[in-house]
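2 protein chains.
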Amino acid sequence: MNKSPSSIFGIVQDDIDAVEKELYSVIQSPVDLVNDIGVHLIQAGGKRLRPALYLLCARGGNPSLSELLPMAVAIELIHMATLVHDDVIDSAATRRGRPTANSRWGNHSSVLTGDYLWAKAFSTIASSADKSMLKILTDVISSMCEGEIVQLREAFNPEQDEADYRQRVAQKTADFIAASCELGALSGGLDEADVVQAREYGFALGMAFQITDDILDITASAEQLGKPVGNDLRQGIVTLPTIYALKTSFHRDELRNIIEKQNMSDEDVRRGLEIVHETDAVEYSYQQVSRYLQHARNSLPLTFRAPVREALLAVADFVGLRKY
Amino acid sequence: MNKSPSSIFGIVQDDIDAVEKELYSVIQSPVDLVNDIGVHLIQAGGKRLRPALYLLCARGGNPSLSELLPMAVAIELIHMATLVHDDVIDSAATRRGRPTANSRWGNHSSVLTGDYLWAKAFSTIASSADKSMLKILTDVISSMCEGEIVQLREAFNPEQDEADYRQRVAQKTADFIAASCELGALSGGLDEADVVQAREYGFALGMAFQITDDILDITASAEQLGKPVGNDLRQGIVTLPTIYALKTSFHRDELRNIIEKQNMSDEDVRRGLEIVHETDAVEYSYQQVSRYLQHARNSLPLTFRAPVREALLAVADFVGLRKY
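Going down the list, the protein sequences come from chains A and B.
According to our numbering, the first sequence is numbered sequentially starting from 1.
According to our numbering, the second sequence is numbered sequentially starting from 1.
These aren't lab readings, by the way, just hints derived from the structure by calculation.
Predicted model, so just to flag it, every value in this text is computed and none were measured.
A portion of the hints provided could be inaccurate.
Note: identical chains are not told apart, hence a pair may lie in one copy or across any two.
[Said to hold, decoys possible] As a list, the in silico SDA-like pairs of lysine to any residue whose alpha-carbon atoms are at most 25 Å apart:
| hint | residue 1 | residue 2 |
| --- | --- | --- |
| 1 | K131 | G189 |
| 2 | K131 | S66 |
| 3 | K131 | P63 |
| 4 | K261 | G106 |
| 5 | K135 | N35 |
| 6 | K135 | R104 |
| 7 | K21 | L69 |
I would like the entire structure built from these sequences, with the hints used as guidance.
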């Protein structure tokens, strides 16, 4: 059994419950269908990692929850918007073991609901957020979109190296988690050096988080993942373990041929995963995760109070240990 | 030949050119594909009606262009984002006679580029916009999404009356045009009564604009439209002329049956349009356009300077006369 993430957010667990409540209130719409999809997305939502990190880093200082709530909610709404659009893009049928919005309500409503969530996110912070914080948020969103577009463009292309991969993971995932921490530190009124450190912690954590995701996609069971195994490979998305195998496997030419197929059969995917598993790609990738997590831990601002530090260290441990 | 819209924006024509230039600069990305799609969308862009209305209403007062530019650009970026997502939703192959982004680069890149444009829109105004203006903008976007979702939900449903239609058109189109005028009047520092009037002008103009669009979809040639005729009917979107025909035509049961078909043949669409044309649905709909335009003209703030009033009246004339 995995340690429940709900127990690791420590001193901000109550705040997360408030975020949860506020999410339901913000997405309310006179249009039933919009409500239904919104509620589904909230319920399908995961750990609330990003708002939790935002709140924890803010608790490095002493702001009130009411000051923090809008940005925490906006961060989760933005994350939800990216997820619902990602699922449309990936034609995903399930996420975390539940049907995706697109599989239940169709791509069209899902695209529009994502847009609705963007608007609600900015609406939530319009009246409270500091201008420079708004800019941090919008810059990271455009960068996320760029990262996703690059991922699409580079799908089925085996000619990608680790640097390409890291750049993509930074844009897709780590920059947003870094921004969540940075925004938290700014909201907490921390000094500039601590803001930079909090951001660094978030960035390294985000890199570790996404690499773990990419490892689990080839090692976990479909049940654990709540979606099919080898999903990335099937979509031609070349992740760290695959890049490693493409460099080191005796069967690298075969793997390369599989990746270049736009319509992989189940057997292709199975064989591709087998080739990756024959190498020590998973071990190598976990080493990278550990390296990033160590960097995250070392980056934590020393001025953070003990319960904040403890929670942020627990989050780092959780990212390294999670099995789904 | 239609009067070119570029000549009707009068005193803000130079400002629109500045908006145009700024659009290219804002969408720039280190990712070539993002640039390519962005440039395509700007070039495929229409009349820049919304930023022009924003600028004109702002010119009711005396702000500088540099104060106005970010919001004008953001308004057009938001419009572009809705268009690119709409084209994905409608699976449209062409818009204004040019291939759509989705037909050229696929749905996935188009969804992401729309998201990129949302982010760029808010990024553009993050550092300058007044909080209440930001709120007006985000509220209108969520309302637009709701309107589009309702349209999807009510597709192929012939049980819609004029009130449903007006509500949908308000949310889909008129509210955003109203907000463009309202934001302009606010940026121009006009007094509250004039802000309300400017909004009213924009709302009525927007209603007239969308009803005209819906009429042209059944009266214009595919060449004029730059997209197939009867597109709305084929997608089950019930517009004012159709609602009128459903109420008055001798063949209303036949029309009802056609609308309920989820997969209309070309012959179904042709026959549906024929039934609508046999009634005076088009004449009736144009009467509604005229009524809204008259209301728009009457709503113009009296304090607006002569060249501003003239341009806003010319825009109303243009909306009433446009043939595509």
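Structure-based check of all given hints:
| no. | hint | result |
| --- | --- | --- |
| 1 | K131 <-> G189 | both (15 Å within a copy, 21 Å between copies) |
| 2 | K131 <-> S66 | both (18 Å within a copy, 18 Å between copies) |
| 3 | K131 <-> P63 | both (18 Å within a copy, 21 Å between copies) |
| 4 | K261 <-> G106 | between (27 Å within a copy, 18 Å between copies) |
| 5 | K135 <-> N35 | between (29 Å within a copy, 21 Å between copies) |
| 6 | K135 <-> R104 | neither (34 Å within a copy, 31 Å between copies) |
| 7 | K21 <-> L69 | within (11 Å within a copy, 38 Å between copies) |
Hint 6 from the earlier list is the only one contradicted by this structure; the remaining hints agree with it.
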